[in-house]
Every structure is written in C-alpha cells, then in structure tokens.
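Visitor: Read top to bottom, the protein sequences are chains W and D.
So for the first sequence, this note's numbering puts the first residue at 1; every next one is plus one.
So for the second sequence, this note's numbering puts the first residue at 1; every next one is plus one.
Source of the hints: derived by calculation from the structure; they are not laboratory data.
Positions of the beta carbon are idealized from the N, C-alpha and C atoms, including for glycine.
There could be a bad hint or two in this list.
[Claimed, not checked] Across the chosen pairs, the derived CB separations fall in these ranges:
#1 W:L73 x D:V249: 39 to 45 Å
#2 D:G62 x W:N134: 24 to 30 Å
#3 W:L33 x D:A164: 31 to 37 Å
#4 W:N12 x D:D162: 54 to 60 Å
#5 W:E253 x D:R94: 44 to 50 Å
[Claimed, not checked] Example chain W residues on the side facing chain D (calculated, C-beta under 8 Å, incomplete):
#6 G28
#7 P30
#8 F39
#9 F229
[Stated by the list, open to error] Some chain D residues judged to face chain W by a derived CB distance under 8 Å, without partners named:
#10 A17
#11 R105
#12 T107
#13 F225
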Amino acid sequence: MSSPRAETPGANRRLMARRREAGLLLLGLPALLLLALVFAWPVLRLLSLSVEGGTLAHFEKAALDGLYVTVLLDSLRIAALVTAICLALAYPVAFWLSRAGRLGLALGMFALLLPFWTSVLVRTYAWMVLLGRNGIVNRMLRDAGWIEAPLPLLHNTTGVLIGMVHVLLPYMVLPIYAALLRVDPDLSRAAEGLGAPAWRSFLRVTFPLSLPGVSAGCALVFVLSLGFFITPALLGGGHVIMISMLIEQQVREFLEWPFAAALSTVLLLATLAIYALIGRLTRGARLATP
Amino acid sequence: MPRHRNRGGSILLGIFAALVFFFLLLPLLVVFPISLSSAAYLQFPPPGFSWQWYQRYLDDPGWIEATIRSLQVAALCTVLAMGLGVPLAFFLNRSRLPGIRVLDRLTAAPIIVPTIILSIALYGVFARLQLIGEWYGVAIAHTILALPFVVILVGAGLRSFDAAQEQAAAGLGAAWPWIIWRVTLPQLRPSLVSAAFLSFVSSFDELVLAMFLSGASMTLPKKMFDNILMEIDPTIAAVSVLQILLVAVALGLTSLFGRGALTTTITR
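Based on the provided sequences and hints, a complete structural model is requested.
Guide: See below:
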C-alpha cells in the first residue's frame with residue numbers, strides 16, 4: 001500500500017490523492033469522449049453552419065419572413081398554453097397525492113407513471129382514434145345527444161394541445177409533488193390552529209412554499225413543448241406547424257442546411273433563455289427525490 | 001380540530017384528481033378493445049372478438065424485423081449507457097478536480113438540447129460516415145440521450161452511499177476494484193436497475209433520432225409512425241398493447257428491484 005520509504009505523510013497523501021484523481025479521470029474519459037464526438041461536436045458543427053460564409057442572412061430570413069415568424073410565435077404560444085393547462089391540472093393532482101394514503105399514492109403513481117413510460121407514439125395513435133371525426137369521443141357525444149355535428153378535435157390546435165398535455169402532465173405533477181412533500185405540514189396546521197381558514201393557510205403558507213416545484217415543472221414543460229415534434233406532426237395533421245417540424249422540413253425536403261441551422265440556433269437559444277430565466281427565479285431551489 | 005370544515009373541498013379535490021388520472025389512462029385503455037376487434041377497420045365499440053391483429057403482427061416479417069431491431073438497439077444502448085455512464089457518475093461525484101461541477105452540469109446538456117437539433121446534427125455526420133441505416137448507429141445516438149439519466153440516477157445513489165464503508169474495506173486491505181465490485185455496486189443496485197430500465201425503455205420508444213438515422217432498416221417506432229401516417233388499421237393497436245404490457249412488466253420489475261427512483265429523472 002504505502003511506498004517503502006515513507007516520506008513526509010503530507011507528500012504521501014498528495015501522491016495518493018493524485019493517483020486517485022487520475023484513476024477517476026480514467027473512469028470518466030470514455031463517456032466524455034463519446035459525448036464530445038457524438039454530441040458536442042455534431043451540434044456545434046450544425047450551429048456553425050448557420051453563419052457559414054460569415055453572413056447573418058439566414059437569421060435575417062428567419063426574422064423577416066412572415067411565415068417563419070408566425071411559426072416561431074405559434075410554437076411559443078402553444079408551449080405557453082400547454083404549460084398553463086398542465087399547471088392547472090397538475091397542481092390539484094400533486095396536492096391530492098401529497099395528502100393521499102398509501103393506497104391512493106400507489107394507484108396515483110401508477111396512473112401517472114404507466115402513461116409516462118408508454119411510447120409517445122402509442123399514445124398519439126390512441127388520441128387519433130379517440131378524437132377523430134368519427135372517433136370514440138365524437139360518437140359517444142352524438143349518441144348521448146349532446147352534439148349534432150362532430151366536434152373538430154383532431155388535425156387542429158385542440159388535438160395538438162390534448163396530445164401534448166397528456167405527454168407532459170407527469171413532468172409537471174412530479175416536481176410539484178416533490179416540493180409539496182417537503183413543505184412541513186406542521187406549518188399549515190399551525191396557521192389553522194391560529195385561526196386561519198384552510199384556504200387561507202393554503203394560499204399563504206403551503207402554496208408559496210411549493211413554488212420551487214411549480215417553476216421547475218413549468219420550465220421543464222415549456223422547454224419540452226417548444227421542441228415537440230411527433231405529437232404536433234400527427235395530431236396537427238399539417239395544420240399546426242411547430243418550429244421543430246419546420247427544421248425537419250428544411251433539412252429533409254429542401255436540403256436547406258444553413259437555414260435549418262439558423263432555426264436550430266434560435267430554438268436552442270430560446271430554450272437556454274427560458275432555463276436561465278427560471279433558474280434565476282428559483283435560485284438554489286433544487287428538488288430532491290420524492 | 002377544524003379538519004372537517006374542508007371535507008367538501010377534499011372530496012372535490014379527489015374527484016378532480018380521479019378525472020385527471022382517467023384522462024391519463026384513457027388512451028391506454030382504448031387500444032385494448034381495438035386490438036381485439038373483429039372488424040376489418042377501426043370501429044368502436046368492436047363488433048366482435050378476434051386475435052386477428054395480433055396474428056397479422058406476428059405473420060408480418062416487417063413488423064417482426066422492426067421489433068427485433070428495436071430490441072437490439074435498446075439492448076446495445078443499455079449496455080453502452082451503463083458501461084460508460086456508471087464510471088462517469090463515479091468520476092463526476094468523487095473527483096475533486098476544479099471545474100468538476102461545471103462538467104457535471106454540462107453532461108446534462110443532451111436533456112436540454114431539443115432532440116430535433118441533435119437528430120439533424122447527427123444526420124449530417126452519420127450520412128457522411130455512411131452510418132445511416134446501421135442499427136448500432138441508432139444505438140450510439142440513443143446512448144447520448146440515456147447517459148445523462150444514468151449519471152443522474154447513479155449519482156443520486158452515490159451521494160446517499162456512505163463512503164466510510166469503502167474506507168473500512170480499504171483499511172482491511174481490500175483492493176479498490178474489489179471494493180467497488182463487492183461493496184459499492186451492490187448497494188447501488190436500486191439506482192443501477194432504474195438506470196438500466198430507463199436506458200432500455202427510452203431507446204425502445206425513441207422516434208425522432210430513429211426517424212433520421214435508421215434509414216430503410218426501421219426501428220419499431222419508425223415502422224409504427226409510417227403505418228399511422230398511411231393507414232390506421234388495428235395492427236398498430238395490437239403492437240401498442242404489446243408495448244404497454246412490456247413497459248408495465250418492466251415498470252413492475254423495476255419498482256420491485258429498483259428504487260422509487262424512476263421519478264428522479266423528472267424531479268431532479
């Protein structure tokens with residue numbers, strides 16, 4: 001273990017530490033190499049295509065052409081809507097989960113995680129079956145006599161929103177649930193003991209303390225929505241175009257690599273900006289495992 | 001206690017939660033009856049019972065090939081993500097090098113960068129290397145997506161692990177590889193199981209990268225995507241049911257042997 005002629009203990013320890021660091025670095029190196037070669041380099045190479053030839057023309061095109069601006073704004077609008085709907089649905093569910101007994105918690109987690117782990121494609125297909133003109137939902141509503149003409153639920157923004165909320169809801173519920181678990185129940189009990197009505201103790205005590213979870217969930221859902229591809233492509237039926245679909249089209253149909261690269265840069269910058277913004281709002285609020 | 005005052009509120013809350021859970025499970029429940037329908041095309045409720053769509057799935061070499069390819073891709077992705085990601089997690093959590101925190105953050109980048117960007121970036125590189133259509137190319141690309149999750153899960157396991165046990169073993173004269181193998185890894189098992197599950201399922205279901213990189217040799221999600229675009233016939237429902245069952249079994253096994261860490265990745 002130790003060298004035969006022990007020098008000063010300090011030097012010995014330094015040598016051990018250096019050997020330890022070298023060993024650890026060796027462990028990390030293969031994965032870091034893979035990340036550098038198959039992730040960092042290709043992505044940076046793509047992004048650099050956007051300014052190829054030292055011109056910003058491709059960004060100009062993205063910023064000035066009405067079509068692309070519309071798509072960008074639409075993507076942002078859809079992402080914001082999805083985030084808002086998810087928050088409205090997720091908070092009560094997370095709150096219920098945080099107060100549920102063992103059985104309720106197990107069932108709730110099952111209902112949350114099974115869809116979460118089911119392929120997005122399977123779920124999107126199921127929504128197509130449910131929401132179509134002659135889909136299950138419309139048939140049932142018509143049979144019940146509630147509607148006369150089928151509701152337009154598929155191949156429009158409504159369908160895209162339903163599908164996206166379904167995919168992203170767990171990403172909102174789980175961080176809020178984790179945050180609620182860490183709120184000391186004694187605090188709201190104390191507030192109520194001091195005479196505050198339950199709604200008031202919730203609004204003034206529990207809710208503010210759960211905000212880190214809310215913003216983490218919102219950041220996650222917003223950013224993931226912004227880059228969504230499969231669900232809008234299938235449920236939008238070509239009527240809803242999001243920025244990721246535009247990028248795909250530019251590469252596959254028009255082979256417009258530099259322009260696709262410019263759009264990718266815009267998407268990436270928007271994503272990073274949102275992360276940074278939310279990170280600033282909730283500085284230091286990292287969530288633990290539930 | 002004033003508990004009973006908000007009884008009505010908590011009942012409403014329960015109903016609301018139940019409705020949301022119903023919304024979440026609805027698409028999964030719908031594919032079961034459709035997959036067992038005797039109708040020649042999509043019809044609900046099904047007029048009769050039949051295994052024909054499962055039969056058609058099993059008889060179609062295209063579906064079977066795609067399934068096997070996806071299993072291969074997911075298996076290789078799991079091996080790579082675990083083989084590279086677990087040592088990386090050790091490095092990132094144990095090293096005291098300056099800048100290690102930054103590096104730790106950077107390894108999460110594949111989660112943040114939208115998949116479509118990674119997809120076209122790799123599409124360009126793989127096309128030049130003539131890797132499009134090679135199943136292992138898809139597996140390598142999937143490994144990039146799985147690595148951060150492995151690092152997060154195993155890292156969480158490592159942080160809750162008491163390193164004094166390793167020092168004790170070292171003090172008793174055990175060699176480091178032996179200590180890692182016999183002391184550290186067994187205690188990390190729940191995290192390792194969860195990480196492996198996550199790598200496998202995320203690769204098995206992944207579509208966007210596969211769309212660009214799998215070329216003519218399709219993975220199962222790519223085949224399903226094309227099928228949905230062309231015709232909605234209940235074969236997809238049968239495939240979907242099989243996929244849901246696979247995930248349910250894996251999820252059950254993981255919660256048995258893994259840690260409730262399946263949610264860690266999301267709430268990180």
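Visitor: Would you mind marking each hint as holding or not holding in the structure?
Guide: For each hint, the structure was consulted:
{"no.": "1", "hint": "W:L73 x D:V249: 39 to 45 Å", "in the structure": "holds, 44 Å"}
{"no.": "2", "hint": "D:G62 x W:N134: 24 to 30 Å", "in the structure": "holds, 28 Å"}
{"no.": "3", "hint": "W:L33 x D:A164: 31 to 37 Å", "in the structure": "holds, 33 Å"}
{"no.": "4", "hint": "W:N12 x D:D162: 54 to 60 Å", "in the structure": "violated, 25 Å"}
{"no.": "5", "hint": "W:E253 x D:R94: 44 to 50 Å", "in the structure": "holds, 48 Å"}
{"no.": "6", "hint": "G28", "in the structure": "holds, 3 Å"}
{"no.": "7", "hint": "P30", "in the structure": "holds, 5 Å"}
{"no.": "8", "hint": "F39", "in the structure": "holds, 5 Å"}
{"no.": "9", "hint": "F229", "in the structure": "holds, 5 Å"}
{"no.": "10", "hint": "A17", "in the structure": "holds, 4 Å"}
{"no.": "11", "hint": "R105", "in the structure": "violated, 11 Å"}
{"no.": "12", "hint": "T107", "in the structure": "holds, 7 Å"}
{"no.": "13", "hint": "F225", "in the structure": "holds, 6 Å"}
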